[in-house]
Structure formats: C-alpha cells, structure tokens
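Construct the complete structure from the given sequences, taking the supplied hints into account.
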Amino acid sequence: MARNAHPEITERRILKAARDLFMEKGYEKTSIQDIIDRLGDLSKGAIYHHFKSKEAILDRLTSDDWDYAQGESTRIADRDDLNGLEKLRALFKLAMGDREHNQLTRAATPFLDDPKTLDANLRFWANELPKHWLPFIEEGMADGSIPTTYPREAAQLVSLLGNYWLLPHFYPADRAELRHRVECLAAMLDAISVPVFDRELIDMCVDFYMPFGGDEITPGTTAAASNIPTQDASQPTSERSN
Numbered sequence: 001m002a003r004n005a006h007p008e009i010t011e012r013r014i015l016k017a018a019r020d021l022f023m024e025k026g027y028e029k030t031s032i033q034d035i036i037d038r039l040g041d042l043s044k045g046a047i048y049h050h051f052k053s054k055e056a057i058l059d060r061l062t063s064d065d066w067d068y069a070q071g072e073s074t075r076i077a078d079r080d081d082l083n084g085l086e087k088l089r090a091l092f093k094l095a096m097g098d099r100e101h102n103q104l105t106r107a108a109t110p111f112l113d114d115p116k117t118l119d120a121n122l123r124f125w126a127n128e129l130p131k132h133w134l135p136f137i138e139e140g141m142a143d144g145s146i147p148t149t150y151p152r153e154a155a156q157l158v159s160l161l162g163n164y165w166l167l168p169h170f171y172p173a174d175r176a177e178l179r180h181r182v183e184c185l186a187a188m189l190d191a192i193s194v195p196v197f198d199r200e201l202i203d204m205c206v207d208f209y210m211p212f213g214g215d216e217i218t219p220g221t222t223a224a225a226s227n228i229p230t231q232d233a234s235q236p237t238s239e240r241s242n
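With UniProt numbering, the residue at position 168 of the sequence shown is 168, and numbering never jumps.
Calculated directly from the structure, the hints in this document are not laboratory data.
Beta carbons are placed, not taken as given, at the ideal position from N, Cα and C, and that holds for glycine.
Taking CB as the label site, the calculated pair distances span: (1) 78 x 31: 36 to 46 Å; (2) 81 x 183: 27 to 37 Å; (3) 32 x 81: 44 to 54 Å.
As structure tokens, then:
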C-alpha cells in the first residue's frame with residue numbers, strides 16, 4: 001500500500017467530517033462508520049491509523065478549539081480601543097456566541113462523570129485557567145475600569161464557578177433557577193469591583209448554559225464553554241473560554 005504523502009491533510013479531512021457530523025447528529029449518535037461514509041474514500045483502518053477512537057477525535061477537536069480561543073484572546077488583548085473591563089466582557093461574549101465551540105464542549109461534558117477526568121479539570125480550572133483571565137483584570141485595574149483589590153480571586157471565581165457551578169449537568173436547574181444563579185455570580189463579582197456581567201451578558205449566560213442538563217448534544221442548540229480533556233489530562237482542551 002502506498003504511503004500517505006500528506007497525513008496532515010487526511011487528518012484535517014477526518015476532523016472536519018467528524019465535526020460536521022457531531023454538529024448535525026450529536027456526538028453519541030455519530031459512529032466511526034458515519035465518518036467513513038461521509039468521507040467516502042477512507043477505510044476504518046485509515047481512520048484508526050490517525051485516531052485510535054471517536055473520543056480521540058473529539059479530544060483533538062477540542063484541543064484545536066482551545067488553540068483558536070488563545071488566538072482570539074490575543075487578538076482582543078491587542079486592541080487599543082477597549083479598556084480592561086471591555087476586553088474581559090468581549091471574551092465572555094465571544095465564547096458564549098460561538099455555537100461550534102459550545103457544541104464541542106457539550107459533547108465532551110459526559111466525560112466529566114469519570115472521577116479522574118473531573119479531578120484533572122478541577123485542577124485545571126483552579127490553577128491554570130485563572131491565568132487566562134488575570135491579565136485582563138489587571139489591565140482593568142491599571143486603567144481604572146476594574147477597581148478591584150481581589151484580581152486573583154476574581155479570576156478563580158470566574159474559572160471555577162463558570163465551569164462547574166453554573167453547569168446544570170452538575171447542578172440541575174430550570175431557566176429561572178439558572179438565571180438566579182448567574183445573577184448571584186454577577187453579584188459576587190460586583191461586590192469585589194469586577195462588574196463584568198451586564199444585563200446582556202447575564203441573558204447570554206442563561207441561554208448558553210441551559211442545554212447542559214442532559215448528556216446528549218442536540219443539533220442546533222448552544223452550550224457552555226468549558227475545558228474538558230477526554231484523553232490527556234495534562235492538556236485540557238475545549239474552553240474558548242469561560
């Protein structure tokens with residue numbers, strides 16, 4: 001058999017086919033055979049040569065998603081027409097308006113039911129993810145838009161509560177209960193002078209998190225921004241941020 005001269009092209013084709021199917025059918029309802037059928041010219045062996053499982057495909061997609069998020073974060077950070085608070089708010093709204101990111105995250109959420117995966121994510125949310133938010137909070141402190149004396153604590157609140165406490169997957173809630181919970185987080189941040197949640201952002205959060213009450217991704221819905229590694233716990237993957 002001839003060696004594939006461009007394996008990276010084949011990988012990108014597999015990833016695109018899988019991503020499209022996850023968006024159309026949902027992760028659980030998509031099989032490796034579905035991906036093969038969508039591609040049309042690859043065997044099951046060829047798929048497994050590049051990815052050892054469907055979970056590995058999802059993990060790569062969420063890893064790429066995280067890389068994209070970092071690029072967008074840099075783009076927002078480099079803007080000179082926004083103050084620190086406006087940049088922080090722009091990051092939230094970017095994540096919550098990204099349907100593909102949301103659906104990939106929701107597809108990965110059931111993996112958090114595994115204790116080892118949950119532990120890895122809790123550690124990431126507690127120790128690493130706050131570093132994503134902290135520079136924007138500190139910029140706001142410097143320009144006066146975020147007059148807090150608790151920058152690190154604010155970054156930790158956003159990271160931990162935004163990825164765990166707000167998820168109906170862990171804390172079931174109807175729309176009214178979820179809205180009250182988001183407003184509570186907003187009030188906590190307001191109390192330490194990090195007023196990132198305006199009314200529009202609260203509304204976006206409620207719409208954003210509501211579909212997370214179930215284990216299956218529903219095509220056409222949105223979902224929350226998180227950081228869920230399905231394979232290597234040292235490389236948390238999703239999160240375009242929250």
